[in-house]
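Numbering (this note's numbering), first residue to last: 1 to 227.
Calculated from the structure, these hints are not laboratory results. Be aware that one or more of the hints could be misleading.
Below, simulated SDA-like cross-link-like pairs (lysine to any residue); rule was C-alpha separation at most 25 Å, straight line [claimed, not checked]:
| # | residue 1 | residue 2 |
| --- | --- | --- |
| 1 | K101 | R88 |
| 2 | K188 | G211 |
| 3 | K101 | G118 |
| 4 | K57 | E16 |
| 5 | K18 | P119 |
| 6 | K101 | V85 |
| 7 | K101 | I193 |
| 8 | K101 | G202 |
| 9 | K101 | E163 |
| 10 | K57 | E13 |
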Amino acid sequence: MAALQQVSEEYREALELKDPPVVQRRLGQLATLLDEASGLLARIGTPRAAEIDSQVKGIRARIVTTDYRLGGDTRAIVDRILEAVPLRTAPGRKPDVANGKRLFAQACASCHGADGTGPPPEVAKSFDPPPPDILHPDFNWSPYEMFNRMTYGGIETAMPSFEEGLTPQERWDIVFYLFAERWPPCTKPLPPIRADELAALGDFELGNKFGYGAAACLRRDFLPPRR
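Make a model of the complete structure from these sequences and hints.
Pasting the structure below:
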């Protein structure tokens, strides 16, 4: 599923690159991710997996073209997988936002800037593409999706995989720190919700469910996940 998430996010980024050979190479790498996802689905062997595999193959046939609906269609497949397969999408224990801030400074700030909004221009020009603003990402990421990006890294970018360098809990600490940091201080406290519910909701969904600005409080004061 993480492979499909990467395709949904990075396809548009690939099209925006200015070097045609680099674009084609990156699209080829995304196609390889789709092939790997298709192979895993085929091995599951259930009717539901076969249906999703057919959808993945449809995306694979479109990826070598310019298709601005492809990212959204791939994201829809990810949502169907989450509905059908009981995947672990939340931290095993309550994330430590203060520790996430410390770890971000050590592991991420040199590329993404001290506050997560991107590096200074003199640093950005040394990357192709430059590290993005991850405090205010283009996508309505859920914490789980950002956790996947930290775990597996990016294709044809300087973003490394932190699967070996940071424990899963440390990655969750960083992710929950970033989701809290993007909001101003909480002024009207709300009854807290569990970390596993927070992990599955982007800020857009959180606002729809609990009201605009609710994330300012809910992202900072939350309960441990359900075991």
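So, going through the hints one by one against the coordinates:
The hinted pair formed by K101 and R88 meets the criterion: a straight-line CA distance of about 24 Å does not exceed 25 Å. Between K188 and G211 the CA atoms are separated by roughly 12 Å; this keeps the pair inside 25 Å, and the hint holds. For the given pair, K101 sits about 16 Å from G118 by alpha-carbon distance, which is consistent with the 25 Å threshold. Restraint check for K57 and E16: the C-alpha separation of about 24 Å stays at or below 25 Å, so the hint holds.
Restraint check: the Cα-Cα separation between K18 and P119 comes to about 21 Å, which is no more than 25 Å; the hinted pair holds. Simply put, K101 and V85 have alpha-carbon atoms about 32 Å apart, too far for the 25 Å limit, and the pair is violated. Straight-line distance between C-alpha atoms of K101 and I193 comes to about 21 Å, which keeps the hinted pair within the 25 Å bound. The suggested pairing of K101 with G202 holds, with an alpha-carbon distance near 20 Å, which does not exceed 25 Å.
Straight-line distance between C-alpha atoms of K101 and E163 comes to about 18 Å, which keeps the hinted pair within the 25 Å bound. Annotation: proposed proximity of K57 to E13 holds, straight-line Cα distance about 21 Å (limit 25 Å).
The structure is inconsistent with hint 6 alone, although it conforms to all the rest.
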